[in-house]
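Peer 1: Just need the whole structure built from these sequences, with the hints factored in.
Residue -15 is where the sequence shown starts when you use this note's numbering, and the numbers rise one by one after that.
Keep in mind the hints are simulated off the structure, nothing from the lab. One thing to keep in mind: the hints can contain errors.
[Claimed, not checked] Simulated pairs of lysine-lysine, DSSO-like, Cα-Cα distance not exceeding 30 Å:
#1 37 - 13
#2 269 - 299
#3 13 - 71
#4 130 - 120
#5 109 - 119
#6 170 - 299
#7 71 - 159
#8 158 - 119
#9 13 - 170
#10 296 - 309
#11 159 - 109
#12 259 - 299
#13 269 - 158
Please read all numbers here as calculations on a predicted model, not as lab measurements.
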Amino acid sequence: MQAGLVGFAGSGKSTLFQLLTGVSPDPGKVQQGQVGIAVLNDPRIDVLAGMYKPKKVTRAHVEFLDTPGLMPGSHGDNPQRLALIRKGDALVVVLNGFGPGADPTAELAHFRDELVFADLSVLTKRAETLEAQIKKPRPDRDALVKELDVVRRCAAALEAGQVLADLDLTEEEKKPMRSFGLLTDKALVVVVNAPQGEGVPDAISSSAPNALAIDAQLELELQQMSPDERSSFMEEWGITEFGRDRIIRAAYDAVGILTFFTAGEPEVRGWNLEKGGSAVDAAGKIHTDLARGFIRAEVTAFEDLQRAGSEKEAKAQNLQRLEGKNYIVQDGDVMYFRSSI
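Peer 2: What follows is the structure, encoded as structure tokens:
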């Protein structure tokens, strides 16, 4: 899973990138974007590690791409800057909430306009290409005509201020559109970078229910303190949970990602999986051979395993289930796969 950190220059986007990933922004990588890994702090994996005493613990994670800041005032090369994240799964837009002139509500509206402009540029170019192609006799002309119709409908919807997700497209019509990586069709998490204690403006909350506020610089400084010093300052500032963890969870929820676990003496590990994924899909996350030779999955819900206190006791209480390839994985499932390969 990859999420792009996006926003206007000066929003605090790169500070947030360092907070999330622990990677210091590199000025030499500004234009092509900089990648860092943010580990999901999931208390469940700590419980499993205490239970299995593994040699290795691997937490689920999300990849963040820090993109170049957009330039306000004109579109300029903003579409090219945004193009870096077209293959990503989600956008985390960072809004500036510092200073007397800061207006995160207006900034969000401006940012959404930039997304529309960038997508319209892509759709317009594709429409021009398709129009030229269908003028010539070719075996795939009918398919190109259908694609052109979808491209025009999507462009018209964006110009009318509609959300692409609300368009009634068939699965066949959606296929060519996915290859464009349209930004307005991606999951969006809104982060207001504002002084500690300030909340999300009501106007933003009404249009982005998952929006959250964070003082990125303060949290970065807290992260760099000793544990005792950090605890003291968090109590003083009334901070009960780090914003970085809330942002990562919000990205998971926006994309529709759950976490399942594999556990044993060699390793306890958290894995990402799209909600609605099957046991075979989960097996494929670990290794393609497990999916190809899938026989069954031994599944224990994390809560059941925690209450039982051990895998042996969970089995004794008949809390472990045998599931087939069509089983829909649930968040927190602890799974062991049996395969013929």
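Peer 1: A separate judgement is required for each hint: does it hold in the structure or not?
Peer 2: Hints versus structure:
1. For the given pair, residue 37 sits about 40 Å from residue 13 by alpha-carbon distance, which is inconsistent with the 30 Å threshold.
2. For the hint linking residue 269 to residue 299, the alpha-carbon distance of about 25 Å falls within 30 Å, and the restraint holds.
3. Taking the CA atoms of residue 13 and residue 71, the gap is about 18 Å. The hint holds against a cut of 30 Å.
4. For the hint pairing residue 130 with residue 120, the CA-to-CA distance comes to about 15 Å; that is within 30 Å, so the pair holds.
5. Restraint check for residue 109 and residue 119: satisfied, since their Cα atoms lie roughly 16 Å apart, inside the 30 Å limit.
6. Straight-line distance between C-alpha atoms of residue 170 and residue 299 comes to about 42 Å, which puts the hinted pair past the 30 Å bound.
7. At roughly 14 Å between alpha-carbon atoms, residue 71 and residue 159 fall within 30 Å of each other, so this suggested pair holds.
8. With a CA separation close to 24 Å, the supplied pair residue 158 and residue 119 stays within the 30 Å bound.
9. For the given pair, residue 13 sits about 24 Å from residue 170 by alpha-carbon distance, which is consistent with the 30 Å threshold.
10. Using a Cα cut-off of 30 Å, the hinted pair residue 296 and residue 309 holds, with the two alpha carbons roughly 24 Å apart.
11. Under the criterion of a C-alpha separation no larger than 30 Å, the hint pairing residue 159 with residue 109 is consistent with the structure, at around 18 Å.
12. Distance restraint check for residue 259 and residue 299: the Cα-Cα separation of roughly 26 Å lies within the 30 Å cut-off, and the hinted pair is therefore satisfied.
13. Proximity of residue 269 to residue 158 is assessed by CA-CA distance (about 25 Å); at most 30 Å being required, the pair is judged to hold.
The structure is inconsistent with the numbered hints 1, 6, although it conforms to all the rest.
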